[in-house]
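Put chain B on the given structure of chain A with help from the hints.
These are the residues of each chain, in order.
There are 2 protein chains.
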Amino acid sequence: MLIAKIYVKLKRDVSDPQGFAVKGALESLGFKGADRVHVGKYFVIELADMSRDAAEVMVRQMCDKLLTNPVIEDYTFTVEQNGGEA
Amino acid sequence: MLIAKIYVKLKRDVSDPQGFAVKGALESLGFKGADRVHVGKYFVIELADMSRDAAEVMVRQMCDKLLTNPVIEDYTFTVEQNGGEA
Numbered sequence: 000m001l002i003a004k005i006y007v008k009l010k011r012d013v014s015d016p017q018g019f020a021v022k023g024a025l026e027s028l029g030f031k032g033a034d035r036v037h038v039g040k041y042f043v044i045e046l047a048d049m050s051r052d053a054a055e056v057m058v059r060q061m062c063d064k065l066l067t068n069p070v071i072e073d074y075t076f077t078v079e080q081n082g083g084e085a
Numbered sequence: 000m001l002i003a004k005i006y007v008k009l010k011r012d013v014s015d016p017q018g019f020a021v022k023g024a025l026e027s028l029g030f031k032g033a034d035r036v037h038v039g040k041y042f043v044i045e046l047a048d049m050s051r052d053a054a055e056v057m058v059r060q061m062c063d064k065l066l067t068n069p070v071i072e073d074y075t076f077t078v079e080q081n082g083g084e085a
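Protein chains in written order, with numbering that gives the first Met the number 0: chain A, 0 to 85; chain B, 0 to 85.
Note that these hints are calculated values from the structure, not bench results.
Predicted model only: the values in this text are computed from it and were never measured.
Keep in mind that a hint or two might mislead.
If chains are identical, the list can't say which one is meant, so a pair holds when it fits in one copy or spans any two.
Stated by the list, open to error - The calculated lysine to aspartate or glutamate pairs, modelled on DMTMM-like cross-linking and capped at a C-alpha distance of 20 Å, are:
| id | residue 1 | residue 2 |
| --- | --- | --- |
| 1 | K22 | E55 |
| 2 | K31 | D12 |
| 3 | K10 | E26 |
| 4 | K22 | D48 |
| 5 | K40 | D73 |
| 6 | K22 | D34 |
| 7 | K64 | D52 |
| 8 | K10 | D73 |
| 9 | K31 | E55 |
| 10 | K64 | D12 |
| 11 | K22 | D63 |
| 12 | K10 | D34 |
| 13 | K10 | E55 |
| 14 | K10 | D52 |
| 15 | K10 | D48 |
| 16 | K40 | D52 |
| 17 | K40 | D63 |
| 18 | K40 | D15 |
| 19 | K31 | E72 |
| 20 | K31 | D52 |
| 21 | K31 | D73 |
| 22 | K64 | E26 |
Bound-form chain A, shown alone (with noise of 0.2 Å):
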């Protein structure tokens, strides 16, 4: 079984709230030195039997049509085989 992980985030330029206000949260339980924060969207997909290359083809499908926004968002992704979980 092959395993896809997702990882998405805001572009560089595009404001985050969401990590402003977790650096926020950070500094109030007094932890210092974090100088910025993204918040993204982590997707773990177990695929049926195929192969590596259609797996990929067809995780990049998916990040474009539904995964992601490729407006704001970047994403990466890595393709595995089974274990190794993260």
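Quick look at chain B alone, frame taken from chain A:
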């Protein structure tokens, strides 16, 4: 500058309705083969100058105290030197 990347997802035996919804949406768009979908959070934190060891200790505390709910969520993280966007 150090970059911490934190990946949070629900524990495997916790119901993930958002994942079900995404799976349904993928199927309605014609994507076959997504057996299971998990939706999680992804944090990228830019840390001011500190040692990597100190950063790892701090990031773990951030996760335990604010960023994750250890009752229902698992997390992993990496701390890298600068660059290497993901």
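Against the structure, test the hints numbered earlier, and report the numbers of the ones violated in rising order.
2, 3, 10, 13, 14, 15, 16, 19, 21
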